[in-house]
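In case you want the letters, here they are:
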Amino acid sequence: MTTTRLRVRQAVLQALHDELESDPDVVLIGEDIAAAGGVFKATEGLVDTFGPKRVIDTPISEMGFLGAAVGAAATGLKPVVEMMFIEFIGVALDQLTTQAARFRYLSRGRVTVPLVVRGSAGAGLGFGAQHSQMLDHWFRGNAGLKVCVVSNAQNAYGLLRSAIRDPDPVVVLEPRVLYGERQELVVGEEGIVPLGKARTVREGGDVTVVTAGAMVPVVEQAAALMSDTSVEIVDLQTLVPWDTDTVVASTASTGRLVVVEEGPWTGGWSNDVAAHVSSELFGRLRAPVARVTCPDAPIPHSGPLEARYLPSPEYVAEQTTRLITTGRAPLPWWAEEEKVQ
Amino acid sequence: MSADDVSLKRRQALQDGPVQRLERMMEIRRVEESVLELFNDGYVRGSTHLAIGQEAVAVGLAAAARPTDMVACTYRGHGTALALGLPPEAVIGEICGRQVGCTDGLGGSMHLVEPDVGLLPTFAIVGAGIPVATGAALTAWVRGTDDAAVAVFGDGTANIGAFHESLNMAATMKLPVVFLCENNLYGEYSRIDRTTPVADIADRAAAYAMPGVVVDGQDVDAVTAAIGEALARARAGEGPTLVEAKTYRYSGHSRTDAGAYRPDGELDQWKQRDPIELGTARLLESGIATQEDVAALEASVAERVQAAVDIVLASPHPDETEILRHVLAPANR
Ligand SMILES: Cc1ncc(C[n+]2csc(CCOP(=O)(O)OP(=O)(O)O)c2C)c(N)n1
Ligand SMILES: [Mg+2]
Chain A
0 MTTTRLRVRQ AVLQALHDEL ESDPDVVLIG EDIAAAGGVF KATEGLVDTF GPKRVIDTPI
60 SEMGFLGAAV GAAATGLKPV VEMMFIEFIG VALDQLTTQA ARFRYLSRGR VTVPLVVRGS
120 AGAGLGFGAQ HSQMLDHWFR GNAGLKVCVV SNAQNAYGLL RSAIRDPDPV VVLEPRVLYG
180 ERQELVVGEE GIVPLGKART VREGGDVTVV TAGAMVPVVE QAAALMSDTS VEIVDLQTLV
240 PWDTDTVVAS TASTGRLVVV EEGPWTGGWS NDVAAHVSSE LFGRLRAPVA RVTCPDAPIP
300 HSGPLEARYL PSPEYVAEQT TRLITTGRAP LPWWAEEEKV Q
Chain B
0 MSADDVSLKR RQALQDGPVQ RLERMMEIRR VEESVLELFN DGYVRGSTHL AIGQEAVAVG
60 LAAAARPTDM VACTYRGHGT ALALGLPPEA VIGEICGRQV GCTDGLGGSM HLVEPDVGLL
120 PTFAIVGAGI PVATGAALTA WVRGTDDAAV AVFGDGTANI GAFHESLNMA ATMKLPVVFL
180 CENNLYGEYS RIDRTTPVAD IADRAAAYAM PGVVVDGQDV DAVTAAIGEA LARARAGEGP
240 TLVEAKTYRY SGHSRTDAGA YRPDGELDQW KQRDPIELGT ARLLESGIAT QEDVAALEAS
300 VAERVQAAVD IVLASPHPDE TEILRHVLAP ANR
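These protein sequences, in sequence, are chains A and B.
So the first sequence is numbered by numbering that gives the first Met the number 0: it starts at 0 and just counts up by one.
So the second sequence is numbered by numbering that gives the first Met the number 0: it starts at 0 and just counts up by one.
Keep in mind that the hints were calculated from the coordinates and are not lab data.
If you're wondering where the values come from, they're calculated on a predicted model, not measured in any experiment.
Idealized CB from N, CA, C, for every residue including glycine.
Be a bit skeptical, because a hint or two may be false.
What the hints assert, rightly or not - Listed next, the in silico SDA-like pairs over lysine to any residue satisfying Cα-Cα at most 25 angstroms (straight line):
#1 40/A <-> 124/B
#2 40/A <-> 320/B
#3 40/A <-> 193/B
#4 52/A <-> 3/B
#5 40/A <-> 212/B
#6 40/A <-> 256/B
#7 40/A <-> 234/B
Claimed, not checked - Derived Cβ-Cβ restraints for the label pairs, each shown as a range:
#8 141/B <-> 62/A: 47 to 53 angstroms
#9 330/B <-> 179/A: 52 to 58 angstroms
#10 324/B <-> 140/A: 25 to 31 angstroms
#11 171/B <-> 50/A: 56 to 62 angstroms
#12 326/B <-> 321/A: 21 to 27 angstroms
#13 21/A <-> 193/B: 44 to 50 angstroms
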């Protein structure tokens, strides 16, 4: 087993390197990924090693190059497309959700699209309302497409390698606040993280907190604040298809579930988790399922407001504690403010 | 005076003459330099895209257009916003996320706005403003006013679908819109010749049967004239024009980018044709201003921008309750 200490962005780079090396059909496509090595430096140096036919710079033409990647995938290559900021896929979404995710079905399995779209996502750096969203809801709900979210260097490496090997289109979201986070991780075959499997970050007996992406470290800090409470933390890792077994088993053992999501209150994956667990474990829960999310608002730029917009460790700890002590799901902060007014 | 009255007054001042236009270019430069200082001092979160070197395009546009002509501009829009009339504290304040900013600090560097001088919320997605400007022209066309619209975008943006769809639609419908391309030779870290098979974006006008005009983007008078002519065509019902201003950004693409991908000497060569120096030389030669006048202008600009920075740094961050305001109309929630 080989281990090494890498930042999240370096883990992405390592995964891309290892897949480019092991499979000649893998190609990378995106804006400023070759000569410049990527805006987040996740492809640095790869063009020098693998050449301009494997690591391909494009014009600013997302519909063109994402669509070209779909076509290349349908005809034998395994393209990995970089969306510098995941929002940019908005100008190209048809190619992924309505084309790539339909080919297998519409060809009855004869034309498939082993495509990966990886993009930086999420808030926390002050990039404002058009460069800070998670946007996983643009991809969920499109049968034929898998979606995962990175939360550390290990799964940045391992999920991406799985995604590239997967026979279907996969979106990998990389929270950009995490790119600089460093960790000792396993690389090589043993470092591969399967799609569709959650990871138990920490075991506990009083409450299960299910989360993903940049909220994983937030929830870990929240758990540290709740010294009297034994918190089990589950990192979903893959949002579609998500690991119902792990989540249901964990919640069955703790009797309580809090779902913490970086995303709007409405339409988030935390609703699916809450609905599924509530019906599976009806009558066996000690409290209703609680959700901790962002408000239904665009993401504000100003520092203190963005900090308020995102669930903080203190807020997660407060809501979790309230759930446990009152046995009722606490209202989100914005709903309470409305009531007070 | 309300904030928009100030903006309108500042906009109208550009009509007073070449001295005012030079002064505005100086102000833009000084504001951008201050933004860089504030960024380095940790007052600016996220990204920021400077337009030092491109001042003449912004001021030429603002001098040629009316405040009722709607402008769709990009994240590289601090200069355009100042030229259109926003006061420095509204721009710097927004970039620093303070209450005094033009969107109360909610938008940040990439999202400036002042509809009363024609500035739609600026666009941080490449190409997004081009169809929107086309739509503003559609309003004028449907209502039969003689207003026009302007889409401002970069050379790299001429490779995105929205550019082509909008030009085709505007030309077919003869909409009163001007497509203003600021060709600064780079889209992010890629030189135009690595992404685009034509050297002049204006060549693409031919595909949509509209005039394509190349103008010296460092010469404020030339820019004003070219955009003025295109606007006149638009107002006369003759349809859109693609105006390409050849210019250069002195800084890298955004905050931390040093622009190392540029060939040696290119920046220095462009600095030989600095828009502010060119504008100054012209005023001196024609006798409109003296060296002392120019020095006084510089001093007053520096003072004004410093005062704006002071206002911004004394301004609080917006209140938390702003997060949930203006998501939808109050009755719609
Ligand atoms: C759809 C989309 N793709 C990519 C980006 C990232 N991006 C922001 S600015 C930029 C370069 C644009 O170049 P150009 O049009 O020449 O304008 P300039 O920055 O030079 O003013 C890119 C690629 C984006 N914001 N939106
Ligand atoms: Mg450019």
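Kindly indicate which numbered hints from before are broken by the structure, ordering the numbers from low to high.
2, 4, 5, 7, 8, 9, 11, 13
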